[in-house]
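Please work from the sequences and hints to get the whole structure.
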Amino acid sequence: MSPAAHPLLEVEDLCVEFRTRRGTIQAVNGLSYTLHEGETLALLGESGSGKSVAAQAVMGLLDTPPAHITRGAARLRGDDLLAMSPERHREVRGTRLSMIFQDALTALNPVLSVGDQLAEMYRVHQGMGRKAALARAVALMDRVRIPAASRRIHDYPHQFSGGMRQRVMIAMALALDPEVVIADEPTTALDVTVQAQIMRLLKQLQSETRMGLLLITHDLGVVAEAADRITVMYAGRTVESASADDLYARPGHPYTRGLLDSVPRLDRLGKPLVPITGAPPLPSSIPAGCAFHPRCPRAEPRCGSEAPPFRTLSPAGHRSACHFAEEVHHAPVG
Amino acid sequence: MWRFVARRLLHALPVLLGTTFLIYTLVFVLPGDPIQGLAGDKPVPPAVLAELRARYHLDDPLWIQYTHYLTGLLTGDLGTTFTGRRVSDLLADRWVVTLQLGLTAWVLEVILGMALGVWAGLRKGKWDDSVVLFGTTLVISVPVFVVGYMAQLVFGVQLGWLPVAGTEEGWPFAFLLPGLVLASFGLAYVARLTRSSLIENLRADYVRTAHSKGLSRRRVVVRHTLRNSLIPVVTFLGLELGGLMAGAIVTEYIFNLPGVGQQLFQSIQLREGPVVVGTTTALVLIFLLANLLVDLLYGLLDPRIRHD
Amino acid sequence: MTDTTRAPEAAGEAAEHPAPPDTVRPPSQERASLGKDAWLELRARPTVWAAVVTLFLMTAMALAPGILTSLLTEGGDHCDLADSKLGPSAGHPFGFDLQGCDYLAQVIRGTRPSLIAGLAVTAASLLIAVVLGLLCGFYGGWLDALVSRVTDVFFGLPFVLGATVILVAFPDHGLGAMILVLTVLGWTTMTRIMRSQVIALADADYVRAARMLGARPARLMVRHILPNAITPVIVVAMLNVGAVISGEATLDFLGVGLQYPEVSWGLQLNAAQAFVLDHPHLLFFPALFLSATVLSFILLGDAARDAFDPRLK
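Protein chains in written order, with the working numbering: chain P, 1 to 334; chain S, 1 to 308; chain G, 1 to 313.
The hints are simulated quantities; they were obtained by calculation from the structure and are not laboratory data. Glycine is no exception: its CB is placed at the ideal position from the N, C-alpha and C atoms. Everything hinted at is true.
A short, non-exhaustive set of chain S residues, derived as facing chain P with CB atoms under 7 Å:
(1) Asp205
(2) Arg208
(3) His211
(4) Gly214
(5) His224
(6) Asn228
(7) Pro303
Derived lysine to aspartate or glutamate pairs resembling EDC-like cross-links, with alpha carbons at most 20 Å apart:
(8) P:Lys203 to P:Glu225
(9) S:Lys124 to G:Glu41
(10) S:Lys124 to G:Asp306
This is the structure we're talking about:
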């Protein structure tokens, strides 16, 4: 998967804040990533790291107020989504850019049949009549491997199992062959075996359509299987970005290292797990300088005052925001 | 679907029996001589008392008495007044008036209430929302008879827009003002319920999904949230229909409409026990039947209930 | 439902969809932060203060009508038929009633039965609701099924109709009888809410944990479930007071409640009916006091519900 000449989706220095009665909260604080055609980019971060907010900002789904996008750009093949009028942004949604949500049970309308919700894509965006749209909906359900699609087209979301519901969500997102699909924790609510099925399905669909897939997750296991490139987020900003192989083999940021060390691995049997001490900061009180420094085993006084710039660790596009990136990168793993 | 209907019917039956039994017990089994209690302050000669006792089977055990009462109900016998007239005859012509009043009020509640609620819900936090909220709270707090008199005074007498009382003008004019008064509480409640239901649904996950599909705001609200928001409102409105008919007492009195409620009010004033009991029973039965219908309708609207 | 008060049932339905209890944090911690947050929010609202002031005044009137009467008006209990139905004037801000008594004094005296009825009925209903709700929700089984059927039956009886039927045959029409009847017709709403709250909480993890540690049912119910289940019930109780006051006044107005020579707003409104066109003050002042009192309770209940609803945070 060599990166295509032009990036498909380019997010640059995205900052989103929430203004409430109790003060302003920085949810996203300088996030950048690049997604290429046919590529799966994983946005990896813990809960509270701002990854969902960032995705919704790109989609244009945030309520403004209380959310405000204070800085940054999100270019879909050159068109800045954040600078567009809401009308134009809406036209992009569903057609060129779509999203898969975490909990399909609450994300699907409980009183409309699955067929109607799928057909809606064709009726609204392509002006199709009901029967034609429903026929296309059946084809969609076949494509995501939902058995007995023509019978189940009139069923309601609560009549499907969790995995099947998620397939419906995927079908809805793929209906109009978008260029970019954002999957926000698509497998978190599912059993492990179903998770694998869903990820396999996504991969298959991606190879058929060459779409860019932005996979938002906190699950290192899912990422290892599915991602081509990984961007690691901490406290609302990018801390490291690399190809999946590079990241796992030679992480360049203490946080990434910490994440990998705290997860059991088959190639490191018998070694004790080393958790990261402390807890992620609340969005309302992010530490100065490097946000990770209070928990970092490598921290030095300057980390508390100087925000670390990105340091390039390899020509293949491995970057890390740490003052000691090279050192971390070359330290032995395990 | 039919299993759902059957289950609901089975569920309603004991309630119907229980409620009629409750009414019966309350009046006929209270301490003291029920016949004297029914007669109130009126002096009743002993011969009449004895005859009444026999007619109401008061010397029989309770369950026999209740059975007589129940079989009477099933054949449409709502009891007899002290003067020997059948209660059902007394009420015969009055049902139409009450029905007209009740329907007018109900339609007003549906249209005005939902419209206000949707509007306020969409404009949450803005000043028109606050106006609706405060206005509805006010209406809920002021007792209906006060609202009735004020409305009569302002719109009937001073402004002369609508008839002050009576049914001379016929439907709908004679029923607009009383209908609005009768509907006032329910209207305010429907508006608030619609509003909060809409607000809650607008926050739901599936609304976000609908937006992510690139649907216009209008379509999201109309196609996706309205139907979901209306489910609790429809339930309430369904209950309202039976209830409005069941108790337009005060409104009919104020506006001098010759309906069932007015009869009930007069009978209360005159302490005509059997009429009160018979009328109340009839109204309660209507109320319960309406509840049952609503239950069934609810199943139609929300597929999740249907498949329970 | 009837064109008279339905607020307890209506409010009950509204509160029947309360937020699911927060089962993640242990109860005492939740109470501290949620209660404190709620208090801060309540403090900030001007409507809450207006309601509190109004209710404070009403309570003062109920407790010591004589003092306020002498403060605000001349005449007190002196009645002169010659003054019958006169409108407001300098020494008599509310004018005179049918008997020629100072109306302000009468309206102030009418506060007491309304407040007593509202508070007594709600307190009794709350007690029944808590006990039955806890027992039914916790134990389930035949007790729950029985009580559920009974509440269904009572729900099938619209308020005014039920009260009317009972009171018509009831020998006594004093305040005690009124309180009894209103309680009998009103206990169902809060009981239902309490029961559904208890059912939801009985399954909560911290309750299961306490059970595993050997806590006896009584302790479980009182110390663990009750404090958390009761919040929405309290909110409905506040709304309920207003509704009971409104209902009691309606029954008085219809003639089935308190009778002369008792003094109550409902009775005053009943007397004012015939003269509303020529002497509107007879209707206006008791209506004002009645509405203000009910409104205050409803505003407080509304504000409390918003303040305690964690979903609105």
